[in-house]
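**Q** Protein chains in written order, with our numbering: chain D, 1 to 905; chain E, 1 to 91.
Calculated directly from the structure, the hints in this document are not laboratory data. Treat the hints with care, as some may be off.
Among the chain D residues that face chain E by a calculated CB cut under 10 Å, a handful are [what the hints assert, rightly or not]:
id: 1; residue: 86
id: 2; residue: 217
id: 3; residue: 227
id: 4; residue: 237
id: 5; residue: 240
id: 6; residue: 278
id: 7; residue: 282
id: 8; residue: 642
Yeah, the Cβ is synthetic: ideal placement off N, Cα and C, and Gly gets one too.
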Amino acid sequence: MNTVNLLIAVCTVYVALLFLVAFVAERSALRGRGRWLRSPMVYTLSLSIYCTAWTFYGAVGYAARSGLEYITIYLGPTIVMIGWWWVLRKLVRVGRAQRVTSIADLISARFGKSNLLAVGVTILAVVGTTPYIALQLQSVTLSFASFADAVGQPGRGDGARVSTALWVAMGLALFTVLFGTRNLDANERHHGVVMAIAVEAVVKLVALLAVGVFVVWGLSGGVSETLARIDASQIGHWQMDGGRWAALTLLSGAACLCLPRMFQVMVVENADEAHLRTASWAFPGYLLLMSLFVVPIAVMGLERLPAGANPDLFVLTLPLAEGQTALAIFSFLGGFSSATSMVIVAALALATMVSNHIVMPLWLRWTGGRASVSGDVRHVVLLSRRISIAGVVALGYVYYRITGGGAALASIGLVSFAGVAQVLPVMIGGLYWRGATRLGALAGLSVGFGLWGYSLFLPSLGGGIMPQAILDQGLFGIGWLRPQALFGIEGIDPLVHATLWSLLLNALSFLIVSLASFPTPLERLQGAQFVNVLNQAGPARSWSAGAAQTEDLMVMAQRILGAREAQAFFEQEAARQSGRPVRPGELPEPSPDFLQRLERELSGSVGAATAHAMVAQIVGGASVSVHELLAVADETAQMIEYSDRLEAQSKELAATAAKLREANDKLTRLSVQKDAFLSQISHELRTPMTSIRAFSEILRDSADVSPEEQSRYCSIIHDESIRLTRLLDDLLDLSVLENGQVNLNIRQGDLRAALDKAVSAAAAEGDAGLRVLRDEGAEAIALETDFDRLGQVFINLIANARKYCDAAVPELRIAAQSLSDGRVRVDFIDNGTGIPPEARDLIFEKFARASPQMAGGAGLGLSICRQIMERLGGAVDYLPSERHAHFRVTLPAVAAAARPGVRRS
Amino acid sequence: MSDRPRHLFVERQTYRRRRLQDAARVLPVLGIVLILVPLLWAEGAGGVAMSSAVIYLFAVWAALVGAAMGLSIFLRDDREDLPEERRGEAE
């Protein structure tokens with residue numbers, strides 16, 4: 001067996017092994033024994049599809065041409081991975097929470113499930129990835145050909161190369177279709193694929209390390225010798241374009257997040273967020289090992305191999321030239337692994353996007369609203385997925401055939417990186433800025449994509465696709481539109497130039513249009529969900545339970561999820577709703593909650609936008625429109641208002657009842673009071689009446705009444721009549737005051753004059769045994785009140801003092817004071833013993849007398865005083881703390897007009 | 001939410017975890033700075049030798065991997081006892 005045939009045989013066995021690994025992984029995952037499939041290490045190894053054939057072969061070529069610049073391609077992802085706490089943690093959480101199926105799905109879901117955006121990102125991804133797939137095919141054929149050349153069995157020229165590429169492409173498409181579309185897993189995870197990728201990751205790492213070890217210890221003779229050789233080589237001195245260094249690090253970091261295949265393994269295939277923590281150091285470690293021997297291999301290749309040798313193939317040709325065929329075959333397998341794993345995952349990721357965002361929406365539109373009744377959707381989704389995979393790989397193959405594989409490997413990789421990096425501003429903005437809108441994202445992506453195409457992608461294609469005239473003179477001959485010297489700034493490296501302008505203007509237009517536009521409710525809802533994903537894991541948005549028919553939903557779900565899975569899901573939901581185990585076949589109510597979970601489940605298979613559209617077709621509403629949301633909000637508001645009203649009413653009722661009870665109590669009290677008052681008044685009236693009757697009877701019946709006696713009896717009758725009249729006057733007065741029917745005669749005047757009048761009036765009424773002490777200076781207070789009524793109060797108080805003061809030399813001190821709050825205080829203090837404590841409470845009551853034996857009046861005086869002072873807005877009080885009788889009158893200096901009918905008590 | 005009593009300070013363990021998260025945030029910044037250092041070097045024949053550049057970059061790289069590994073081990077218990085928005089209320 002010759003060496004080439006041996007190589008083919010080894011490759012075939014290797015491929016068969018990969019199929020087997022994938023198959024076994026699928027089987028054990030299906031049987032639920034796949035825990036080992038989902039270890040953090042497998043996750044980390046699957047991330048290694050970042051290292052494609054471009055890394056395996058290209059890094060050495062890159063190093064041979066440009067020294068250490070190649071390392072930036074791996075430093076960028078290293079920074080992103082060790083900075084996982086910033087971005088990746090959130091990205092993975094969002095991806096899991098929203099059941100994201102691809103990067104296009106992520107962008108679309110963030111910006112209100114806009115399918116237009118998803119289509120845009122998909123096109124960008126396809127355009128950016130196709131050359132890359134071509135590159136992998138090229139690397140396999142190139143390495144195969146150079147292997148054949150080196151062992152002296154050259155292939156049959158171009159024909160052999162083309163057929164190699166074709167076989168490889170077909171094999172890869174077959175593998176991807178087999179293991180990438182076996183089922184429409186709700187989580188869009190592909191255990192077989194991931195496991196095969198992990199195995200390939202180990203193979204390519206070990207292969208590269210083996211070549212490296214051979215070069216350093218086998219050829220060079222140790223580490224120090226290798227370092228000396230490095231310094232002595234043509235790349236022996238540090239030489240770096242700072243702009244490229246920074247731009248490439250940025251680009252590779254961005255690519256690590258945005259490349260569809262990286263997104264696929266990092267976010268979509270992520271089984272457990274905790275795996276990210278391990279990958280945060282393990283993946284940079286993997287990249288370090290992959291890059292470790294690149295410079296020594298490049299240096300040794302430059303030293304040992306003939307001047308014209310392609311540095312991109314040193315990894316393979318160096319062992320071959322040294323006669324290490326086994327190592328060379330292993331190295332070939334490593335390169336083969338790198339290329340195939342990339343194509344598989346890229347094809348899978350792109351096919352998911354193309355199928356979910358382009359084929360399915362078109363199909364849904366063509367079939368109209370018949371999604372629930374016609375055809376098997378599950379079958380359609382799988383078919384479109386498979387066709388898309390074949391299409392993507394075919395596109396790569398066609399691209400390879402057309403370009404013929406001339407350009408250096410590294411340059412295509414970088415052009416591709418710059419293309420997918422255009423998604424970065426929109427993605428980061430969408431994750432961290434709630435103000436990012438769909439229009440802004442569209443603007444940013446269009447500008448970035450356009451500029452990238454114009455200034456980097458089209459010129460890089462060569463072959464006259466972009467005319468030399470445009471490159472030299474600019475579009476339409478406008479100088480500042482030259483693709484590689486935009487805005488007239490020349491002399492920048494084309495890659496740095498394109499990266500700088502496209503990302504800058506991309507981010508700028510994204511920002512400005514976002515600021516200027518207004519998002520739809522769904523966008524705002526999704527925006528909040530994305531940005532706050534680390535704070536809560538709330539639902540995306542709710543379906544209003546309308547006329548959705550569970551049977552219809554079941555029929556549709558069966559077509560997408562598969563009959564058994566759908567039934568299990570529906571039964572589980574029914575059980576969740578009823579809170580008990582259910583009979584097989586029992587269906588849940590189409591509650592918003594259920595619809596939402598169903599949509600999530602479906603979106604795992606067909607993408608968020610399509611799932612939303614499909615549920616919408618059955619539920620009726622195109623989506624939860626603003627009007628529906630408003631209607632729901634209105635209903636809620638109405639209910640809240642209604643219950644508020646009920647509550648207020650019941651409160652009112654309670655208050656009314658309390659008031660009624662109070663009024664009833666009062667009426668009862670008043671009735672008692674009235675009885676007491678009547679009996680009191682009868683008594684008061686009866687006493688003078690009795691004496692009048694008695695004396696008038698004496699006068700009438702006794703003939704022998706002497707004129708003196710007659711005169712005395714008559715004067716008694718007269719006095720009693722006067723007393724009776726006064727009593728009736730007082731009663732009338734009190735009644736008028738209490739009913740508030742009194743008319744106050746408010747005038748301006750002086751307190752001293754009022755007191756003067758009262759003192760003299762009181763003195764005129766009886767004997768002048770009471771000495772009144774006054775401080776006339778303090779009494780000069782201007783008042784505006786009813787002086788007649790006030791005088792009545794003063795007279796009453798002075799008269800009381802005279803009547804009741806039990807001092808040997810009775811004295812009454814009157815002290816007036818103007819208070820700061822606009823009120824006036826007048827104190828009446830005599831030198832008697834005052835009112836006994838037990839009587840104090842009663843003195844202001846009607847018919848109450850402090851000492852009955854000294855009865856001079858009906859006992860209504862103070863009661864009237866109190867009523868008058870209340871009318872005047874003031875008060876009269878007895879101050880119990882004093883040793884002597886102390887009455888205090890307070891009144892406002894300016895009395896408010898009397899308010900009839902309003903009583904203070 | 002506002003009914004919950006707000007504490008000015010958190011437990012020692014939580015405090016440690018917060019600082020480790022801070023470290024996890026700072027690490028990539030440190031990495032960027034260290035990676036950009038070579039741009040300051042002298043270039044060409046009289047400048048820094050390639051072997052030194054290789055050793056420097058790989059040493060930085062390995063150190064970053066080691067630091068990330070250490071942090072990831074300590075950050076194993078990454079339960080967030082407080083939502084992100086409420087962070088900063090208590091430290």
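**Q** Against this structure, judge whether each hint is valid.
**A** Each hint, compared with the structure:
1. Interface hint at residue 86/D: satisfied, since its Cβ lies 6 Å from the closest Cβ of chain E, which is below the 10 Å cut-off.
2. Because the smallest distance between the Cβ of residue 217/D and any Cβ of chain E comes to about 17 Å, over 10 Å, the interface hint for this residue is violated.
3. Hint on residue 227/D holds. Least Cβ distance to chain E is approximately 4 Å, under the 10 Å limit.
4. For residue 237/D, the interface hint holds, the least distance from its beta-carbon to any beta-carbon of chain E being 6 Å, beneath 10 Å.
5. Hint status for residue 240/D relative to chain E: holds, with the closest Cβ pair at about 7 Å, below 10 Å.
6. A least Cβ separation of about 6 Å between residue 278/D and chain E falls short of the 10 Å threshold, and the interface hint therefore holds.
7. Checking residue 282/D against chain E: minimum C-beta separation of about 8 Å stays under 10 Å; hint holds.
8. Checking residue 642/D against chain E: minimum C-beta separation of about 27 Å lies over 10 Å; hint violated.
The structure shown violates the earlier hints numbered 2 and 8.
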